[in-house]
Amino acid sequence: MADNALFQFLLRMGDNSLILGHRVSEWCGHSPVLEEDIALANTALDLIGQTQFWLGLAGEVEGKGRSADDLAFLRDAWDYRNVLLCELPNGDFGQTLMRQFLYDAWASVMMGRLMTSSDERVAAIAAKASKEVAYHVERSGDTVVGLGDGTEESHARMQAALDYLWPYVGEMFDSDEVDAAMVKAGIAPDPAGLREEYDALVGKVLGQATLTIPTDTFHHKGGRTGYMHTEHLGHLLCSMQWLQRAYPGATW
Amino acid sequence: MGQPSVDTIWDWLDQVPDPEIPVISLVDLGIIRDVKWEGDTLKVAVTPTYSGCPATSVINFDIETALRDRGIEKLTLTQQLSPPWTTDWLSDKGKAKLEKYGIAPPSPKGEPERCPNCGGHNLERTSQFGSTPCKALWRCRDCLEPFDYFKCI
Ligand SMILES: [Zn+2]
Chain A
1 MADNALFQFL
11 LRMGDNSLIL
21 GHRVSEWCGH
31 SPVLEEDIAL
41 ANTALDLIGQ
51 TQFWLGLAGE
61 VEGKGRSADD
71 LAFLRDAWDY
81 RNVLLCELPN
91 GDFGQTLMRQ
101 FLYDAWASVM
111 MGRLMTSSDE
121 RVAAIAAKAS
131 KEVAYHVERS
141 GDTVVGLGDG
151 TEESHARMQA
161 ALDYLWPYVG
171 EMFDSDEVDA
181 AMVKAGIAPD
191 PAGLREEYDA
201 LVGKVLGQAT
211 LTIPTDTFHH
221 KGGRTGYMHT
231 EHLGHLLCSM
241 QWLQRAYPGA
251 TW
Chain B
253 MGQPSVDTIW
263 DWLDQVPDPE
273 IPVISLVDLG
283 IIRDVKWEGD
293 TLKVAVTPTY
303 SGCPATSVIN
313 FDIETALRDR
323 GIEKLTLTQQ
333 LSPPWTTDWL
343 SDKGKAKLEK
353 YGIAPPSPKG
363 EPERCPNCGG
373 HNLERTSQFG
383 STPCKALWRC
393 RDCLEPFDYF
403 KCI
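Chains A and B are the protein sequences, given in the same order.
Residue 81 in this note's numbering sits at position 81 of the first sequence, with consecutive numbering throughout.
In this note's numbering, each residue's number is its place in the second sequence (first place is 1) plus 252.
Keep in mind that the hints were calculated from the coordinates and are not lab data.
These figures come from a predicted structure and were not determined experimentally.
Do not rely on the hints blindly, as some may be mistaken.
For lysine-lysine, the following DSS-like pairs were computed, each having C-alpha atoms within a straight-line distance of at most 27 Å [claimed, not checked]:
hint : chain 1 : residue 1 : chain 2 : residue 2
1    : B       : K326      : A       : K131
2    : B       : K295      : B       : K352
3    : A       : K184      : A       : K64
4    : B       : K361      : A       : K221
5    : B       : K403      : A       : K131
6    : A       : K204      : B       : K361
7    : B       : K326      : A       : K221
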């Protein structure tokens with residue numbers, strides 16, 4: 001049971017960075033300006049790199065000989081454990097950066113806690129990822145402020161993005177028996193315990209961006225437990241897993 | 253052939269160029285974390301610069317090729333994540349070579365010391381990211397040249 005909980009926890013970490021990394025990579029060659037194109041591609045690369053560590057360890061813990069690639073390319077939507085926020089469509093550039101900021105802020109708090117994990121392997125991945133995440137959150141935060149406190153048009157688009165995405169934030173702080181097992185083993189914190197630090201960071205940046213956080217506390221869920229993903233994940237996997245579906249077992 | 257000393261191996265690795273910035277070696281970059289013999293097997297520990305650095309697999313391949321070419325038969329490459337790579341591990345020799353090549357070396361204050369082209373101090377950042385994950389884009393207002401800055405992490 002303990003190992004299965006750890007496996008589930010690692011899938012959640014790895015699937016978040018994999019699915020968001022793939023989403024961000026969809027911008028490659030389509031960004032509004034060259035610098036942003038490069039920045040998004042680099043962010044995606046970091047996320048996919050972190051995925052290799054998380055899913056690599058997940059496969060090791062599971063002990064059935066599955067590699068990070070096997071887990072990424074040979075599972076269907078119902079086996080994914082990412083939060084719904086990560087699989088939502090890119091929308092416009094503002095919505096992509098808002099989604100990135102809402103995730104980066106969570107990741108920066110989470111990695112900070114995981115660096116003291118009782119599991120050395122988890123602590124090592126978190127220490128590596130935390131440096132990259134710090135850079136990501138600085139950039140996405142700056143962009144959210146720049147666009148939120150920008151023109152009337154950019155402000156309206158950022159507020160619309162926040163209104164659309166905010167109901168997906170709560171899922172990152174849900175807890176279940178997997179989290180309870182991680183807390184008990186000293187491997188990972190209770191996600192609910194990250195909320196205060198998250199709200200302080202996000203509140204500060206969104207305040208500077210002159211944006212208003214929606215007051216409705218309802219939140220969508222079902223991604224991290226695998227209960228029900230949005231329709232968007234299946235479409236994403238069709239594209240991401242196309243090669244392995246068309247040519248099973250292909251390597252190079 | 254006798255077993256080459258660990259110092260000799262380090263010298264050999266110091267001649268393997270970084271695939272993306274070939275003026276510096278893998279040793280200059282600070283990513284070779286350990287070299288040791290275990291019986292007749294040579295063990296080399298390598299740490300990635302950035303998690304998603306696409307050069308990682310090329311780097312491993314280059315290390316293997318360089319050592320096999322010099323007659324090392326039993327070789328194990330391991331990935332060492334902890335402690336995470338930091339630009340503090342770049343050698344002084346490497347930093348000097350970077351600047352000469354036109355890339356401003358990392359600086360603790362988080363921005364380039366001076367323009368690698370003219371030495372000017374009137375600088376501005378164009379983008380937090382550059383052509384590779386380890387670099388950011390800057391521009392010199394004195395000579396008007398854009399340049400890469402090796403990010404400090
Ligand atoms: Zn200059």
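Going down the list of hints, with the structure as the test:
{"no.": "1", "hint": "B/K326 / A/K131", "result": "35 Å, violated"}
{"no.": "2", "hint": "B/K295 / B/K352", "result": "33 Å, violated"}
{"no.": "3", "hint": "A/K184 / A/K64", "result": "25 Å, holds"}
{"no.": "4", "hint": "B/K361 / A/K221", "result": "42 Å, violated"}
{"no.": "5", "hint": "B/K403 / A/K131", "result": "12 Å, holds"}
{"no.": "6", "hint": "A/K204 / B/K361", "result": "25 Å, holds"}
{"no.": "7", "hint": "B/K326 / A/K221", "result": "51 Å, violated"}
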